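> Following the hints, position chain B against chain A.
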Amino acid sequence: MTEQPLSFGADSADAADAADAAGKYVYCIIRHDRVRDFGNVGIGGGRRVYTVQHEDLAAVVSDTPIVIYDPTRENVLAHEFVNETVMREFTVIPMSFGTVFRSEDDVSELLRSTYRAFTDVLDKMQDKIEFGLKVLWDRDKVVAKIEQENDEIRRLKDEITRNAASSTYFARMQLGRLVEGAMEEAGNRYVTDIHDALKAVAVASRSNKVIGDRMITNSAFLVDRSREKEFDDAVREISRKYEDVLTFKYTGPWPPYNFVNIKLKLERAN
Amino acid sequence: MGLLSSILLAPFTGPWSGTMWTLDKVQRSVEEQLIDDTPIKEDLMNLQLALEVGDIDDDEYVRREAEIMQRLREVRDWRERLGKGNAGGPVRVARDREDESE
Chain A
137 MTEQPLSFGA
147 DSADAADAAD
157 AAGKYVYCII
167 RHDRVRDFGN
177 VGIGGGRRVY
187 TVQHEDLAAV
197 VSDTPIVIYD
207 PTRENVLAHE
217 FVNETVMREF
227 TVIPMSFGTV
237 FRSEDDVSEL
247 LRSTYRAFTD
257 VLDKMQDKIE
267 FGLKVLWDRD
277 KVVAKIEQEN
287 DEIRRLKDEI
297 TRNAASSTYF
307 ARMQLGRLVE
317 GAMEEAGNRY
327 VTDIHDALKA
337 VAVASRSNKV
347 IGDRMITNSA
357 FLVDRSREKE
367 FDDAVREISR
377 KYEDVLTFKY
387 TGPWPPYNFV
397 NIKLKLERAN
Chain B
226 MGLLSSILLA
236 PFTGPWSGTM
246 WTLDKVQRSV
256 EEQLIDDTPI
266 KEDLMNLQLA
276 LEVGDIDDDE
286 YVRREAEIMQ
296 RLREVRDWRE
306 RLGKGNAGGP
316 VRVARDREDE
326 SE
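Protein chains in written order, with this note's numbering: chain A, 137 to 406; chain B, 226 to 327.
Wrong hints could be hidden among the right ones.
Within a straight-line C-alpha distance of at most 20 Å, the following computed DMTMM-like cross-link-like pairs (lysine to aspartate or glutamate) qualify [as the list claims (entries may be wrong)]:
1. A:K345 <-> A:D274
2. A:K385 <-> B:D282
3. A:K385 <-> B:D280
4. A:K399 <-> B:E256
5. A:K345 <-> B:E256
6. B:K309 <-> B:D280
7. A:K385 <-> B:E267
8. B:K266 <-> A:E220
9. A:K277 <-> B:D280
10. B:K266 <-> A:E216
11. B:K266 <-> A:D349
12. A:K264 <-> A:E220
13. A:K377 <-> A:D276
14. A:K345 <-> B:D262
15. A:K385 <-> B:D268
16. B:K309 <-> B:E257
17. A:K385 <-> B:E256
18. B:K309 <-> A:E403
19. B:K266 <-> B:E256
20. A:K377 <-> A:D332
21. A:K345 <-> B:D282
22. A:K345 <-> B:D261
Everything labelled a hint here was simulated from the structure, so no lab data went into it. Computed from a prediction, not measured in an experiment: that's the story for all the values here.
One chain only, chain A, in its complex shape:
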């Protein structure tokens, strides 16, 4: 392993060249006590991905200039691709996108000083994988279904359509309110039902903030590798149950991004 002296300044072009190989982009932490090469799949155009060791822990890294990585799709996919590759063989603690250390020494220091926390989490996450599930609804279809099922709403709506000219502002407002309430109730019912069906097969679950106005749940599930197939089947079954009104976006397996919470004491290195 070569070690670069930390003598470069961030601004001059020469220094940037010198810095080119010194920074380390860290993808994840694994348990492995030998140097390991994962191939030229790293962020920034296929850089070599390899490990930096400390005892039986290893940080999976690639060389990088000291830069802030934009979360473009290309960059994010590169980050994820490395983690997916490593995950095929190892239990991983993923690092957040864009984590760059100044030098190999700094990475070793991270492993050394956080050794116990990493080891604990690796034990807990042993053979666990994460799946993501976003569920979106089709508003119009849900409204149609509600009108079909809810007598009060159907009656009020019929009344309004029949007496279009004379129907009052209040009748319309009341209808709007009833539909709104019924929608909320239906949404909660769907989400609860989906979660109940999947929790039974998962080790843990977490709900994240929904994105946009069509999403009713944005969840992550931690699943034991041995039950992956079972979880898949459960997702397929519940999505079939609601296929007329809901769209399921099911992704994974991921490293357990949503279930690892190690507060790293990091500071800016300038």
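What follows is chain B alone, placed relative to chain A:
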């Protein structure tokens, strides 16, 4: 400023300081907007979702992603200028903690 002008300007002191306060508040809220990347990240997530569900095509995604990255960079520049620090830059383990030992 003499006594006379103080007296002459007295009626304006209240509203004037009020204006100063408002401007200060506006300035601060502008600053907060300049250095807040939360709405930009939300836009990015929405954009990704739009691509995932097929609302937009790849070209549209690439075009709008470029705009969003530009906005992110602007926020980073402002944070830098206002001394706020950026997530995603080079980091190292904080060395000044006493509980650093393994």
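> Compare the structure with each hint and give your call.
Here's how the hints hold up against the structure:
1. A:K345 <-> A:D274: 19 Å, holds
2. A:K385 <-> B:D282: Status holds; Cα separation ~17 Å.
3. A:K385 <-> B:D280: 14 Å, holds
4. A:K399 <-> B:E256: Violated, at about 28 Å.
5. A:K345 <-> B:E256: 26 Å, violated
6. B:K309 <-> B:D280: 36 Å, violated
7. A:K385 <-> B:E267: Holds. K385 of chain A to E267 of chain B sits at ~18 Å (cutoff 20 Å).
8. B:K266 <-> A:E220: 24 Å, violated
9. A:K277 <-> B:D280: 18 Å, holds
10. B:K266 <-> A:E216: 18 Å, holds
11. B:K266 <-> A:D349: The given pair, whose Cα atoms are some 16 Å apart, holds under the 20 Å limit.
12. A:K264 <-> A:E220: 13 Å, holds
13. A:K377 <-> A:D276: 18 Å, holds
14. A:K345 <-> B:D262: The given pair, whose Cα atoms are some 16 Å apart, holds under the 20 Å limit.
15. A:K385 <-> B:D268: 19 Å, holds
16. B:K309 <-> B:E257: 11 Å, holds
17. A:K385 <-> B:E256: 37 Å, violated
18. B:K309 <-> A:E403: 13 Å, holds
19. B:K266 <-> B:E256: 18 Å, holds
20. A:K377 <-> A:D332: Given that 20 Å is the threshold and the Cα spacing comes to 14 Å, the pair holds.
21. A:K345 <-> B:D282: Given that 20 Å is the threshold and the Cα spacing comes to 25 Å, the pair is violated.
22. A:K345 <-> B:D261: Within the cut-off at roughly 18 Å; holds.
Consistency with the previously given hints fails for numbers 4, 5, 6, 8, 17 and 21, ordered from lowest to highest.
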